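Novice: Chain by chain, the residues run as shown.
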Amino acid sequence: MMKNASLMLLILSCFASTSAFAWQAPTRELEEAEEQAFKRAVSQVAPSLVRIETVGGLDQVQNFLLGNGPTTGLVLSADGYVISSSFNFLSKPASILVTTTDGRRMTAKVIANDTVRSLTLLKVEADGLVPARAAAKESIKVGQWAIAVGRALDANAPNVSVGIVSAVNRVWGKAIQTDAKVSPVNYGGVLVDVDGTVLGVLVPLSPQDNSTVAGVEWYDSGIGFAIPLTDVLATLDRLKQGKDLRAGLAEFTFASTDMFGGDTKIDRVRYDSPMYRAGFKDGDQILELDGHKVTRPAQVKHVLGGKIEGEKLAITIKRGNETKQADLTLVGELPPFEAGFLGVLPTREKLAGGAEGVGVRWVYPDSPAAKLGLKPRDRIVKFRDQAITSAAQLIDQVSRVRPTEKAAVVVRREGKEQTLEATLAGYPADVPKELPTSPIEAAIEVEPKKPDGKVEADGDKKAEGSDKPRTGRFGEEVADSKNAWWAFVPESYNPAYGYSLLAWLHPPGDTLEATIFDSWKLEAERRGIILLGLKAANVGAGWQANEAEFVHEMVVSFQKKYSIDAGRVVLHGYDKSGPFATHLAFKHRDVFRGLILAASLITERPPENLPEYRLQFQLICGSKDPAHAFLDRNANSLRQLKYPANFTSLPDLEHRYPNADGVDAMARWIDSLDRL
Amino acid sequence: MGDCKLRIAKCKLQIERQPDNVPYRDRHGAAATEFRSGRSLTVAVRLGSRLMQFAICILQFAICNAFLTSDARAQTTRDTIAAVQPKVVKIFGAGGIKGLASHGTGFLVSKEGHIATIWSHVLDADVVGVVLSDGRRFTAKVLGAEPQLALAVLKLNNEDGTEFPFFHVDEAISAGSGTRVLGFSNMFNVAAGDEPVSVVHGVIAAKTTIEARRGVFDSPYSGPVFVVDGVTNNSGAAGGVLTTRDGLLLGMIGLELRNAKSNTWMNYAIPVKELSSSISQIISGKFEQKRDPRSDDTEPSAKPRRYKPLDFGFLLVPDVVDRTPAFIDSTLPDSAAAKVGLKPDDLVLFVNDELIQSCRALQDAIGRLESGDQLRLVVRRGNELVNVEMPVPKKREKE
Amino acid sequence: MIARRAVMCLVLVGWLAASAPAADQIVREAELKRVEVITRVTPTVVAVFAKGGAGGGSGVLISKDGFALTNFHVVSGLGPFMKCGLNDGVLYDAVLVGIDPTGDVALIKLLGREDFPIATLGDSDKLEIGDWTYVMGNPFLLATDFQPTVTYGIVSGTHRYQPPAGTWLEYTDCIQVDTSINPGNSGGPLFNSAGELVGINGRGSFEKRGRVNSGAGYAISINQIKFFHDQLKAGRVVDHATLGATVTTDSDGGVVVNGILETSDVFRRGLRSGDELVSFAGRPIHTVNQYKNILGIYPKDWMLPIVFRHEGERREIQARLRGLHAKSELMPNAPKRPQQPPPKKGKDGKPEKQPDQPLPPRPDPQAEALKKAIPEEWKSWFIAKTGYANYRFNQLEQDRVFGPLKSLGDFASATGSWRLIGQSTTGDKFELTLAVKGVGLEIRDSAFFQQLEDSDAADEPPGSGGFLIAAHQLRLLLSKGSTAFTECFYFGSEPLDGRGELVDVIDTTLSAVETRWFFSRSSGALLGMDSRLHEDAEACSVRFDGWNDFGGRRMPATWQVRSGEKEFATLKVSTADFAGKK
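Residue numbers (my numbering), protein chains in the order written: chain H, 309 to 984; chain C, 11 to 409; chain D, 122 to 703.
These are calculated hints, taken from the structure and not from any lab test. One or more of the hints may lead you astray.
Listed below are several chain H residues computed to face chain D (Cβ distance under 10 angstroms; list not exhaustive) [to be verified]: (1) Ala345; (2) Gln452; (3) Gln701.
Everything numeric in this text was worked out from a predicted model, so none of it was measured. Note that beta-carbon positions come from the ideal geometry of N, C-alpha and C, so glycine has one too.
Only chain H is shown next, with the shape it has when bound in the complex:
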């Protein structure tokens, strides 16, 4: 009998490697030499690092608690230019102090921000500072030593973390990636090679989000980023002029939302954008950018990711059999996107299957549609020469026409078609005073037909879980987090109908669960709204930034379980849960299409209104609420950004949750979110 041990060898040898562990473990001598090299590299760069302290300012930004400890900056010139991470100044401090290695302490001025790379340029009045040496970008190799150095932990010596270069050209071509530990204790500090030459400036970044706190949640996880110093130096002169660097915009969107699997066909060219002015059109396919062949949206983003306002972009497109080439100058700002409004609520008839056109459920008084004489039961069968097959498609088509522009509409009434010309308007600020409900038929016990539209939940998934979805009021503690939730699904739930989802974020302290349930139950049944009440992990302390995932996942799980119209998913915050609701709505615009803020202000700057994310606002509060005037102003600023924003003032109401009239108004608003 063969020895048992040889069995394993035998099996394993079927995959035998040729190199048979030819590698040698590092020797003592090497480890010692490497350690010395790390220390020497740090001492090389140390004179160029300054310690930054700030005085005064905010202690929270976007529900993100800011530390108040020292941070780090990098000297770029002997005469006092210092670059740092914009993260270090999120608190908008009253004063910034810089301490050099030789012990000099000076006040610093913010000269300008590079919003593309999340950097801030400071200036101190000093001379004889020691600027850092930059490594050539092309020489940086994945796998080489990368040492992160900051000056936050110890006033007298740099703090160090050793790793390797994990990747280059990360975050759309902007950054070097490292597994050295990068965190607030070295943001604004540097990543150096084993000679102490600077590879880049450490900043938090994320490819999915471009806010200043994006990527901070990955601190010390082995995922860190540095902006190549050569890139910083290349734009230093522009920053020195005191003007913030903004992303260079060409502005177009792709038909495919699949970054990797999709192609580069343009869905929309933004009005008045460089692309628009160069004569590019919806439907053009991008072939080359700056000489790089591109076949996927991700590749396009890689070319555009690091572009700054004013930079050039060489673009080649294909239209039919033609190719067209142009050199664009990218802009920093565009007129806000504004969708046209026809004045129609479409019927909710997803299961009709193959029906031609979209039915009119209701017509807004004084709207373009009213002027054309459209009535309920009319069907819109064509818009701008496009045959219409679903409400979602019609919404998309209407949004491509700007207010005051004209569009041809083909309407069918009692079997006859007529072509009309509509002059579109902007979205109205008000909610219709009376709005008939959309009929919800009683659930029938047959398997619902497969939904066809974008707006329906996934029928397959429901079929898999054979359990009938729960209705009525229920809730539970979520096992893998501390957050609790409750939900109310109308008893008459019919999976054949597309429901609205109202995600209510309980404010800290008093959770108002009974109030919300009582005041919304009837509207939920009447207007087909599923209520989802979510509580912060620490109900007393309220929502923390890292709980965004919980809310997002809960909403997504409900979307999977229930038949929910993706166009009517609404976040609702009140009082102190308002800022978190706002933060979430801005962060997950792909999920949330409406935001209701009751007695709470928008404290975060709204992102740009984009055609691919249809976000509408409902602000509501009592006339005696101290926030009343501010909220009205909020609504106006939103409208200036061309967001559909409605402000509802409730007479004689103090600072409290809206009364029955208010809930009625909010419910009507939710029920009209699919307006077009």
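Could you slot chains C and D onto chain H? The hints should help.
Specialist: Okay, now just chains C and D, sitting in the frame of chain H:
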């Protein structure tokens, strides 16, 4: 087992009292281990496998000799790890409720079986279980503790005089930033069975000091620490060791702690140099516990009157937010402040070299002054930094 | 602008060259070597994307025709087709091949090339604590240009055990590293410092900070995956093994059996409650944990050597291992996605550590539509069948293994009675008759008969394990191939009789009779068969030696017949007559 009388003083955590012959639950939540004095113990394990559901096994562990013999190949890190692991132990004790781990780490500091570890709730049991890197199991009792240093010393019940490999604590060294280190601990209780503890690598990021504080993340320890760039401080890791790549003892891994200044979780170790004399004293029985400065009875009963900015003749702007910058609102004519030239809108940045980030911080700093001190201020006026200095006036009696 | 930037770089580089302090030569060389290793293995790292690009994980190529390893939890829920990016910048279509839900492994095949770069497989048992390792993959979906993230760290623990999430995703004998592993690294490679593949990353200990690396990541050892490789490649849903016995530690520190299933192979081979385990699969057993670790890395149905002590006497046996799950549990309709690991409440009421999962996909209506659209070009690479991840690959393996059978001769036309005549090694004459309606054997003045119609299969001759039925299975196989059986699949490979060469295994079922056929991987020859009358019966093992030509048809010359530990007879065939037309 009633011989363990010593309780850790002032442990504020509400721990369920464990009966004698402490059963503890392991991380599967399904096993209970009972330690007996001496070398053997009984473990009841419910095996996870479906076909083994019916099986309840009674395991009797005996000594199996070290399988971690040093490797003949000259491979540095492997050598060091092989040499260090026999000196690091896993500790099982109280906890298991309210999110508190019931496992920890410690290290041998004498051949008789003294173990240094972190002072934590895990030790708040009459007797704790200790598992060596080779799977040998012992019970141990707390011999002494120094809460101010977050230190406790245990003694293994070692009736037949087994000799253990150990660290010479008086030979602990110090090292600067950039020095390569290894962290040894039973973090996350990954080494739940008989295996040796987890090893992580890193460098010393910095040497800094931490201050004792209370609250959600209790740090009993004040003083210098090694901050590490590897993730050393996880649940169950406290009490583990930080060594150089040669295996020389540097520090004891501390409790999980958030750095308020950067709002990040810290990875750090307390230098053993700070602990070694207390460890030796506890072992030799000569130890006298220092008073915990934070305990309420050390607070003087009558609080002295504290200085205010007004005592120097200036007033601050109204303190409206958490971090209201310490701008001077006005100065009183002929006051000390006026004499040294302080002006309205000056922003106070430093008080005796301490950075002042808010009105509140300035009130605190001035409040701590003593009669006879000098008050040195650095203020920002425009873009200039201006230094002024004035004596602290004599303390007036209570008003 | 660009020109100016270039000038700036030149200036800086020039300055750098003038004043840089050179790190020691050995530091540079070691660094260079590391860069080389990374450059060499990076092309093998796969970024796995869900259709729609909204979620995903990592993988690693192990064969030139595109087979790649990843985690089960990465591919579950993606459907049979997915997209995979390589560092050549190309996005390939890929098809699911096989899955191991218990071990959290999946095999996929990238399509469209026959010359994919591949990773060299290492020996994960040689890893030691402190060894440097590389992790590569797509954490947080950062590889937007398909260039993997590379992280570098040390082995923190070896032979670790991480308990299952429910009944899936059990990490036995796994590797713990402090090399950064984050969500999205799942399924990607762990390389040793020589750049050999030693594990598949799949889990991490995440606690106070949510799902970002906290210094402890876990990889499934490549040695475990090697045992399952051929089964996965056969498009199967594979299962892990259990012994059918439970063990405990006795007062002397031995690992002893304290409960045993009487229907298990080990029981039939003489293992009893109270016996002490000495070694398993060639590895000595000292503790219960060790035993669990070792057992966990083996596939169901493998025959493995076990050494134990029964009443002081040392015994060595070969036993076939049972499955950890019931067959129905492994069907695709059973919990397909192992849910997010069951909210396992830890002792402290807090959830236990959760296996790392790819980022939750963004709900994207278009992605749903895409998922349904199977690329036309690759449609033929997927065949759905209950019990398989992708039956197409099992067909391919069956075709490969059955191929050489055709060269044995035309048995299909031999429709009458077959008679095999010869002598046993003990000198007894025998005559074996294989007829359509029954099988008979005359030997040592005894006659045995097994009716084939309207009759239960019996242990004839008694104690042989049902040799007559086994012989009939051979006739069926030779004359009708796989169509003769109600079920026939390629199992994968296993060491023959637990200690021999690695052989291909075909598994057939006809009524209750299950037969495992063993084929040489080098020559393709049929080496033997194990046929059992029903699931819990002792098998009749027949081993063949030498195939002789009998009038244009080749039959085994020597039949060694055994049941369990007992030898029945060794038959040497001298003449064979196939009655039917030649």
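Novice: Which hint numbers doesn't this structure obey?
Specialist: Hint check: 3 fails alone, others pass.
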